[in-house]
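Peer 1: Just so you know, the protein sequences line up as chains B and S, in that order. Start counting the first sequence at 0; every next residue gets the next number (numbering that gives the first Met the number 0). Start counting the second sequence at 0; every next residue gets the next number (numbering that gives the first Met the number 0).
Treat each hint with caution, since some may be false.
Derived coverage of chain S by chain B (criterion: at least 3 residues anywhere in the stretch with Cβ under 8 Å from a Cβ of chain B; other residues may be distant) [stated by the list, open to error]:
| # | segment |
| --- | --- |
| 1 | 65-76 |
| 2 | 83-90 |
| 3 | 101-113 |
Pair by pair, the computed Cβ-Cβ distance ranges are [unchecked claim]:
| # | chain 1 | residue 1 | chain 2 | residue 2 | range |
| --- | --- | --- | --- | --- | --- |
| 4 | B | S152 | S | D76 | 34 to 44 Å |
| 5 | S | Q57 | B | V93 | 20 to 30 Å |
| 6 | S | R178 | B | H18 | 42 to 52 Å |
These aren't lab readings, by the way, just hints derived from the structure by calculation. These numbers were taken from a predicted model, which means no experiment stands behind them. Each residue gets a CB set at the ideal place from its N, CA and C atoms; glycine is no exception.
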Amino acid sequence: MTDTDTREDVADATSTGFHTVIFPVITLLCLVALWELLVRWLGIQSWLLPAPTEIVRMAIDWRRELAWHSAVTLYETLLGFGLALLVGIPLAVVVVYSRFLQNTIYPILLALQSMPKVAIAPLLTLWIGFGALPKILIVFLVCFFPIIVATTSGLGSVRPVFLELTQSLCATSLQTFVKVRFPSAMPSIFVGMKIAITLAVVGAVIGEFVGAQDGLGYLILISSNQSRTALAFAALVALTVMSIVLYYAIEVLEHYVAPWGSRR
Amino acid sequence: MPTIEIKDLEKTFRSRRRSTPALVDINLTIKQNEFVTVVGPSGCGKSTLLKIIGALIQPSHGVLTYDGRRISRPQRDVGIVFQEPALLPWRSVLDNILLPAEILGIEMSRARADARDLIARAGLNGFESYDPHELSGGMQQRVAICRALIARPSVLLMDEPFAALDAMTREDLALELLRIWDQDKKTVVFVTHSIPEAILLADRVVAMSARPGRIAKIIDIGLPRPRILDHEFSAKFKDYSDQIRFVIGHQTKSIPESGAVA
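Start from the sequences and build out the full structure, keeping to the hints where you can.
Peer 2: Shown next, in the form of structure tokens:
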């Protein structure tokens, strides 16, 4: 009977996972090898474009400094991102439930988004100084927008039949929010978080470019100025790895917290 | 234990540009523990009528009463099954069934016992901890029916609950629904676009015609209970079917003509 067999058409992520990882990795290794060969054959100066092996050597020599500056950037990124979640999600909830705020604050927030954050960074440094705080604030500003937009749209696009269901059960607004609206919005919130986390690292680096004594952005700026190009590259690799790891950390979190979003 | 009464009911949908009469001149009394089916072509307003009976939407004119009491808000004594299962994807089968109990504040130990009983009756044993997406469409709709029954409603409203299912699953579920109803009588209003389904299930069939939606005829079904599929081949069944087809077809004859311009 068709009625008793369960669906088995859910994509098995682990069986295809191997291929989706191995092919890009092989391609990347080939490109790096080509880079190494070109630098050697053409005799390109190290300060202009260092060979991959030299970048690796530099990264090993400077591992302590790289680790420290990475930790600083990671700290700024995570704090700014967390702050954006802490402020953005509750604000989105309030905006969804209040027509007044929808008509007053929300349009202003959207307008503010078109202001380039890079241009705000020097002002923040002017006002708050050179510590971690201005960087955290830039990360916050960069992350805030995707999070509030994604949360607002998620909370607003609950399937109508779910709302008819809670209506038919005489549910209070709070019950509807806790049991239906918020869980419905979770996949959308995760989309916002994934966009925000990639921007967050960029935000931290921008802050460090403007004025800092540590962080990977600072390291890149200083080592470029001193023509230690291999070190700048090593810092760049650290930034990229950090960005990718943070992104996948959120994917993994989503898999455990809101798996129904990716099943649609 | 209500008798549901609808008097001089009208529903008009208004938008900025036009107002569309969806239902006109609806008068209907549904007795306690009666199984009433509403059948009609698409666009005849039968789902709208059901939602008005459930007080999910308000009529433009007219009155809805349960036992003479005027109703304007959904009642906790009413369970609803929608056309789609509408199961929450983040809840297991059991937790979906228990949702109304949580919202209505029913004592959880009683609700759990009821849920176990309903799960057994619906043939869902062993699937309690499954996620909705792991079930077939028919099983999902069984879960939705269990959910509608968990609060022990005395009225069950069903809006084309089997419309998205294949024909065999549909018949199975229809007969199962009748078994459940036989064991635990309640007032059922069941909307469908299938004439055989409407006759097979009902004590009375409300046949509606479209544009605007109105009750074309109400037919008492004199087939013996319990109903079996063989009833569908009896002369009586065919007679009911012809009557319904006639009143529905008779009143909608003008549609092809007006559409003939194209």
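Peer 1: Is the coverage entry for the segment 83-90 of chain S by chain B consistent with the three-residue Cβ rule at 8 Å?
Peer 2: holds (count 5)
Peer 1: For the pair S:R178 and B:H18, does the Cβ-Cβ distance stay inside 42 to 52 Å?
Peer 2: Since S:R178 and B:H18 have Cβ atoms about 50 Å apart, the given range 42 to 52 Å holds.
Peer 1: Go ahead and decide if the range 34 to 44 Å is satisfied by the Cβ distance of B:S152 to S:D76.
Peer 2: holds (36 Å)
Peer 1: Is the hinted range of 20 to 30 Å satisfied by the C-beta distance from S:Q57 to B:V93?
Peer 2: Distance hint for S:Q57, B:V93 holds at roughly 29 Å.
Peer 1: Check, residue by residue, whether the segment 65-76 of chain S contains three or more positions whose beta-carbon lies closer than 8 Å to a beta-carbon of chain B, and give the verdict.
Peer 2: holds (count 4)
Peer 1: Between the segment 101-113 of chain S and chain B, see if three or more residues pass the 8 Å beta-carbon test, and mark the coverage as holds or violated.
Peer 2: holds (count 3)
Violated hints: none; the structure is consistent with every hint.
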